[in-house]
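**Student:** Just so you know, the sequences run in chain order A and R.
Per the UniProt record's numbering, the very first residue in the first sequence carries number 1; after that it's consecutive.
Per the UniProt record's numbering, the very first residue in the second sequence carries number 1; after that it's consecutive.
There may be inaccurate statements among the hints.
Per the computed footprint, the stretches of chain R lying under chain A, defined by three or more beta-carbons under 8 Å from a beta-carbon of chain A, are [as the list claims (entries may be wrong)]:
| hint | stretch |
| --- | --- |
| 1 | 162-168 |
| 2 | 192-203 |
| 3 | 237-248 |
| 4 | 313-322 |
| 5 | 336-343 |
It should be emphasised that the hints constitute simulated quantities derived from the structure, not laboratory data.
Bear in mind the structure is a predicted one, so any value in this text is a computation, not a measurement.
Virtual Cβ for every residue (Gly too), placed ideally from N, Cα, C.
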Amino acid sequence: MSPENAASPLQYGRAGSNAGQPLTRRDGLLKVTGRATYAADNHPDGVLYAVAAGASIARGRVTSLDVAAAKAHPGVVEVLTPANRPPLAHDPDEKMPPFGFRVDVLQDDTVRYVNQPIAMVIAETLEAATEGAALLDPHYEVESAAVDLESGERFAPAAVGVGAAARTAHGDVEAGLAEAVRVTEVDYETPPQYHNAMEPHAVVAEWDGDRVTLDMPNQALALSAAAYGAYFGIPAENVLIRSPFLGGGFGSKAILNGPQILTILAARMLGRPVKLALPRKQMFGPVGHRGRTWQKLRIGTDGEGRMTALHHHALAETSTFDDFIEPSANIALPLYAAPAILAEHEGLRLNVGTPGPMRAPGAASGSAALEAAIDEAAEACGMDPLAFRLANYAETEPGTGRPFSSKTLRECYAEGAKRFGWSGRPLEPRRMRDENGFLVGWGMGTAVFHCPHFPAEARATLRADGTALVETAGADMGQGAWTALAQIAAEALGLDPSQVEFHSGLSNLPDGGVAGGSGHTASAGLALHKAGGDAIASLAELATADAASPLFGAGNIGVVAREGRLYRRDDETRSDSYADILKRAGRAQIVGTAKAARDPAVASAYAMFSHGAVFAEVKVDPDLGQVRATRLVGAFAAGRIINPRLVQSQYYGGMIWGVSFALHEEAVTDRRTGRIMNADLAEYHVPVNADVPSVEAILIPEEDAHVNPLGVKGVGEIGITGTVGAVANAVWHATGVRVRRFPVRIEDLVAGRAAG
Amino acid sequence: MNRFDYIQPASVAEAIAAVSEPGSVYLGAGTNLLDLMKIGVSRPQRVVDITRLPGLDRIDWLPDGGVRIGALVRNSDLAYDERFAKTFPVVAEALLSGASAQLRNAATVGGNLMQRTRCAYFQDLGSACNRRVPGSGCDALGGQSRLHAVLGWSEHCIATHPSDFCVPLVALDAMVEVEGPRGTREIALDSLHALPGSTPEQETTLAAGELIVALRLPAEVASFADNARYLKLRERTSYAFAVVSAAAALEMEGDTIRAARIALGGVAAKPWRAREAEASLAGAKPTAEAFAGAAELALAEARPSGANAFKIELARRIVARALNFALAGTPQEMPALPASPFSTNPGAYHVA
């Protein structure tokens with residue numbers, strides 16, 4: 001899979017360093033011309049269509065399904081139910097390591113959440129499958145469901161997020177609060193949110209003996225191939241996942257889900273390829289979401305506005321049968337220099353599908369509450385919110401005292417504030433109006449996201465004509481991985497990106513790691529960097545040992561790779577082209593390979609985070625309570641920037657999602673039934689262009705010698721952190737009303753304050 | 001599968017004959033009906049496609065200065081018709097605040113009038129809904145009802161009518177021309193949509209087989225053109241239904257209101273004309289007190305149907321604001337954000 005499969009590589013027409021250049025997406029032309037092939041665009045011969053029937057109750061048992069009616073419908077080939085579902089090699093009620101959840105694949109007749117698959121209909125056409133599913137006419141034995149704080153069972157989780165500590169304590173928070181001059185104690189709620197990538201979950205599964213090919217959008221190719229192999233009792237290498245393009249993933253496409261497993265199972269059972277594309281409504285339930293949270297913050301401050309204690313408690317929903325606890329409170333750990341910090345979590349079991357990682361898991365919801373609470377603490381101290389944050393600036397990681405691998409947050413604050421015009425901000429709320437009488441408010445938030453590193457592998461092949469092929473099983477969710485990763489590889493190979501063919505998106509390529517945790521560029525990029533270096537080293541060996549080469553004998557001095565040639569390090573008048581070196585050596589190609597991972601010693605010695613500061617302006621109609629985010633300025637420092645154009649887009653996307661979190665997005669659940677009443681894109685609101693008139697993202701230069709040899713940090717998720725709080729704080733600054741429940745609604749502002 | 005007959009009649013008479021079979025529906029652009037068919041809320045046996053009927057896609061100006069709009073005129077075409085937008089600017093503004101550009105380009109005038117409620121319980125086959133299945137109950141009551149009706153609702157149904165277009169139309173005495181098995185007749189738009197009472201399934205007063213062929217606005221209401229605004233509160237700037245909305249139109253004589261027109265959207269199962277409020281302003285000075293008084297009258301009968309008491313106060317405020325906007329004068333050009341409270345700077349092309 002590569003962009004070159006369908007179009008010739010774009011000519012960038014430039015020489016010199018590749019990384020750092022704002023190249024446009026290599027796959028952009030394919031996407032805007034509709035030639036990019038997404039999973040559900042595949043139509044193998046004889047393909048059948050799968051439609052899952054989703055439960056309409058949140059808890060109980062399926063007592064009957066009219067399978068006969070469904071099977072009698074013309075075109076219906078098979079109906080999968082618990083009665084005939086073929087066995088799986090892995091127990092679906094057991095987790096799939098390393099971070100697969102328990103899945104609902106018709107193991108029995110119990111229903112644990114709305115939209116759980118209770119049957120799957122396979123038919124010759126999508127229409128027949130859809131109608132077959134409708135004819136099943138399920139009857140239920142309904143049990144009362146746990147759908148909210150009152151009915152759910154609270155529990156102490158062993159871990160939160162993906163293996164993070166559920167409770168971290170530094171110092172004595174109670175003592176810190178006791179000695180505080182002021183204690184700010186506030187509760188914030190965040191709603192359930194659903195990923196809703198534009199491309200729904202989809203798979204086209206085709207078996208050939210004990211081998212299966214899966215066309216599916218996937219953020220974690222190697223891990224997923226292994227997991228599907230485990231479910232179907234075949235080796236990982238017998239699973240080929242093809243995922244050239246993803247129409248958004250946001251974390252949900254790194255996880256295996258029941259509907260896809262059932263589809264693959266049906267394809268094996270029926271001996272024909274089967275396609276599934278989830279209807280939008282079924283995106284709400286079986287494929288993960290951001291769990292609802294109830295967060296309590298206590299911030300103690302002394303007479304100078306310095307924190308004496310920071311306590312962040314998060315109660316987060318999960319399903320009744322598996323755990324994914326939004327690690328919201330952990331956002332309190334890396335940011336502010338409180339001598340005592342306690343971050344702790346509780347779980348709440350509800351009849352919902354198991355939540356999962358969704359863009360900035362924990363950090364987005366945690367930052368929303370923390371940054372708003374920080375604003376409240378600053379207000380209590382009578383301090384400017386930026387001054388308050390600077391007074392509590394953490395020079396080293398709070399609690400542990402570890403140095404940061406790099407931290408340029410001060411510059412983010414300064415540059416963002418300057419560009420935004422923050423210094424003109426009145427301290428008190430409700431002091432600014434525009435020329436039309438609208439209330440104007442300015443708020444800010446600190447952005448932060450950790451820098452994970454996934455083990456990854458890559459291969460770089462220098463070819464006889466001096467061009468290269470580089471390969472890693474990466475995932476381009478739209479973020480531009482195919483472009484940025486190719487830039488890294490091209491730089492390592494001393495070639496222009498147009499001379500580098502980049503293959504990715506296939507699980508049988510070297511493991512590119514997970515496109516998640518904002519770690520893909522660093523992880524897959526480092527593997528590509530090293531593989532390129534490996535190929536160049538082999539090439540240099542050939543040249544320096546070749547008496548016919550101008551580089552003969554320079555083995556100890558070393559060479560530099562640039563523009564398709566090796567140059568003697570101490571004498572650049574002596575050089576040799578890749579093609580000539582290979583030709584003289586009689587080699588058709590040279591292959592470099594690499595496995596890369598983070599050095600555990602470095603990982604434990606340094607705290608590694610991307611940082612940023614987001615400033616928001618909102619306008620609020622004083623009588624009608626309608627809010628409009630009119631201006632966002634974010635300044636972010638995330639190590640070395642491979643492609644500023646793509647990075648800026650990542651920040652824009654994150655910040656716009658922050659606006660969505662603050663003002664729009666919420667799954668609305670009927671408390672009696674547990675059904676989500678706005679499970680479509682008409683009613684589940686995300687912002688339209690007109691909701692976000694002005695967004696600016698400033699890239700603050702930062703060098704990081706420790707995070708990885710490339711110096712690259714993550715940019716994919718940080719934009720949403722900080723922004724939610726900034727918008728909420730701006731709403732307060734405009735209106736004087738603290739809304740402690742997201743999203744901010746008109747009624748919160750109309751009820752919160754009388755007209756005028 | 002819900003197999004249905006698809007019929008493409010060549011004339012209005014053929015269409016009416018075709019729809020006389022039970023279980024038949026008219027299909028316009030389908031922006032609402034097809035969605036409802038996909039989710040199983042509407043399962044017609046016969047779909048009569050009227051989009052190719054001749055002569056229904058015209059905007060005709062009548063000798064007296066009124067306008068007759070064919071039922072198949074697209075929302076966008078009407079909103080961007082220069083003479084129409086100048087003569088009835090409040091209607092154009094409401095049109096451009098509805099749905100999205102793509103939907104407006106497809107949706108027809110008649111279809112807009114006939115669109116169904118967006119009540120989530122109406123759309124959810126697992127919920128009881130008297131409108132969908134008469135006598136089954138109303139799960140919206142006691143459910144997620146923050147956006148439901150505060151006027152004219154009953155224990156049987158608390159749904160709202162979602163149209164923006166209909167709100168100024170009802171304020172301006174729009175008439176609906178109908179053809180049916182028993183010939184032609186006309187209905188005041190204000191009488192087209194029914195309040196639920198004990199029969200919420202009877203959404204309109206159209207008789208079986210009747211087809212809306214045109215909409216008329218009388219010449220007299222052009223007198224409101226200089227002081228007419230539509231205002232819509234919503235939770236995103238485009239592609240969102242109103243939390244509440246209001247159309248206000250004033251005919252001024254010096255500094256006195258000669259006549260006023262007020263209607264509300266998003267508050268009831270029909271576009272809600274506030275006649276007592278209008279009457280209170282006739283002959284009055286356009287003061288804040290007078291507008292507040294009118295707003296009080298407009299919502300005098302309001303009561304919450306769920307967790308939506310805020311909508312009552314909000315509706316009062318938006319009526320007062322719409323009157324203020326109307327008093328300030330109709331913008332020379334369509335605001336960049338039509339019907340938005342933030343659209344105070346006219347002059348840009350609309351972007352929503």
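**Student:** Take the hints in turn and mark each one as holding or not.
**Tutor:** These are the hints, each one checked on the structure:
1. 162-168: violated (count 0)
2. 192-203: violated (count 0)
3. 237-248: Holds: 5 residues of the stretch 237-248 of chain R have a Cβ under 8 Å from chain A.
4. 313-322: holds (count 6)
5. 336-343: holds (count 4)
Hints 1, 2 from the list above are not met by this structure, while the remaining hints are.
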